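*Asks:* These are the residues of each chain, in order.
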Amino acid sequence: MLGFGVERLRADMNRLLALLFHQGVLDEQFLQLQQLQDETSPNFVSEVVNIYFHESEKLLRNLRGLLLDREFSDYKKMGIHINQFMGSSSSIGAKRIRNICVAFRAASEQNNRAGCLRALELLEHEYCYLKNKFHELFQMEQQRLLAAGARYPVQN
Amino acid sequence: MVNSCVSLYRSNTMEFGNSSTANGSVSGSVSPKTLSVLIVDEDPIIRRTNIALLNRFGLQINVAENGKEAVDLYSAGAYFDIVFMDMEMPIMDGPMATKEFRNMGVTSMIVGLASRSLDSEIHEFIGAGLNGCHVKPLNNAKITSVLQELIASIY
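Here the protein sequences line up with chains A and B, keeping their order.
In terms of my numbering, the first sequence is residues 7 to 162.
In terms of my numbering, the second sequence is residues 2 to 156.
Please keep in mind that the hints were generated in silico from the structure rather than gathered at the bench.
Bear in mind that the values here come from a model prediction, so they are computed numbers and not experimental data.
Check each hint, because a few of them may be wrong.
Residues from chain A that face chain B, not an exhaustive set, calculated with beta carbons under 8 Å [what the hints assert, rightly or not]:
no.: 1; residue: S47
no.: 2; residue: Q90
no.: 3; residue: M92
Think about it this way: if two alpha-carbon atoms lie no more than 30 Å apart in a straight line, the pair counts; the simulated DSS-like pairs of lysine-lysine are [stated by the list, open to error]:
no.: 4; chain 1: A; residue 1: K64; chain 2: A; residue 2: K139
no.: 5; chain 1: A; residue 1: K64; chain 2: B; residue 2: K69
no.: 6; chain 1: A; residue 1: K82; chain 2: B; residue 2: K69
no.: 7; chain 1: B; residue 1: K100; chain 2: A; residue 2: K82
no.: 8; chain 1: B; residue 1: K143; chain 2: A; residue 2: K137
no.: 9; chain 1: B; residue 1: K100; chain 2: A; residue 2: K83
Don't be surprised by glycine CBs; every beta carbon is placed ideally from N, CA and C.
Produce the complete structure using the sequences and hints provided.
*Replies:* This is the structure:
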């Protein structure tokens with residue numbers, strides 16, 4: 007029965023990942039990230055994704071701070087933040103976020119404040135969606151590991 | 002193919018060290034040289050993922066968080082076979098650091114990593130003295146291509 011739970015969780019995780027790929031939320035770069043996880047770095051993916059969350063939230067705060075400033079005009083500074091967000095999103099395979107960054111950058115280069123605000127809202131929405139999905143995935147992975155550990159209890 | 006290229010590099014660029022034997026005489030020993038790489042990027046995610054990627058190729062890896070840190074490493078006597086240089090960084094960006102390296106006479110292979118592919122900024126970056134430029138993110142195929150170029154330039 008416990009083995010069945012492990013397999014069921016694995017299937018659920020694969021289904022969730024397949025959905026995220028199908029929706030275009032993730033791309034093959036995420037697969038490369040998974041391939042870098044091994045016995046020497048067993049938590050590599052979750053470590054990198056958690057750094058991504060931490061850095062992304064800083065960047066989103068900075069971007070919102072810039073755009074909410076009535077006297078905002080430093081589009082070059084905004085461009086730097088967007089490029090950084092784009093680069094880190096590309097690194098983990100966050101395809102939809104990356105694509106929104108491209109549109110955001112275009113609006114920034116045209117000094118289009120309204121366009122930037124729209125792009126930022128989209129970005130925040132997309133980021134929340136991705137973060138929730140990753141949390142689901144990592145929770146399933148933890149449950150799977152616990153179930154796998156319980157399957158082979160240590161005997162004295 | 003890359004592994005054979007890296008092995009060929011190692012077998013042809015040996016470093017000789019001396020070790021003492023039991024009777025006190027000195028004998029030479031040969032150890033293969035490992036390709037050394039410097040990753041220059043302010044983003045911790047990109048540094049972390051690039052370190053993991055490059056580790057798979059058996060390379061010796063160092064990091065710097067901006068162009069100035071990278072230049073300071075060379076000024077202190079360090080040398081790296083390949084430098085992966087981000088374009089936009091605080092304190093000293095990629096184009097400035099690359100120009101500085103070339104002015105210092107640095108002959109390392111410098112590969113730019115940019116977040117855009119068609120831009121006047123890319124041309125300026127390449128013009129600063131890069132050996133090549135790739136759009137982020139780095140992946141196995143791009144690393145293989147860089148290593149092949151490096152090996153080809155040696156032979």
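*Asks:* Taking the hints in turn, state whether each one holds.
*Replies:* Results of checking the hints against the structure:
At about 7 Å, the closest approach between the beta carbon of S47/A and any beta carbon in chain B falls short of 8 Å, and the interface hint on this residue holds. Among the interface hints, the one on Q90/A holds; its C-beta lies about 6 Å from the nearest C-beta in chain B, closer than the 8 Å criterion. Interface hint status for M92/A: upheld, as the beta-carbon distance to the closest one in chain B is roughly 5 Å, under 8 Å. In summary, the hint linking K64/A to K139/A is supported, as the alpha carbons are separated by about 20 Å, within the 30 Å threshold.
A threshold of 30 Å between alpha carbons decides the hint, and for K64/A with K69/B the separation of about 24 Å falls inside it, so the pair holds. For the hint pairing K82/A with K69/B, the CA-to-CA distance comes to about 21 Å; that is within 30 Å, so the pair holds. Restraint check for K100/B and K82/A: the C-alpha separation of about 22 Å stays at or below 30 Å, so the hint holds. Restraint check for K143/B and K137/A: satisfied, since their Cα atoms lie roughly 28 Å apart, inside the 30 Å limit.
Taking the CA atoms of K100/B and K83/A, the gap is about 23 Å. The hint holds against a cut of 30 Å.
Violation of the numbered hints given earlier is absent; every hint is satisfied by the structure.
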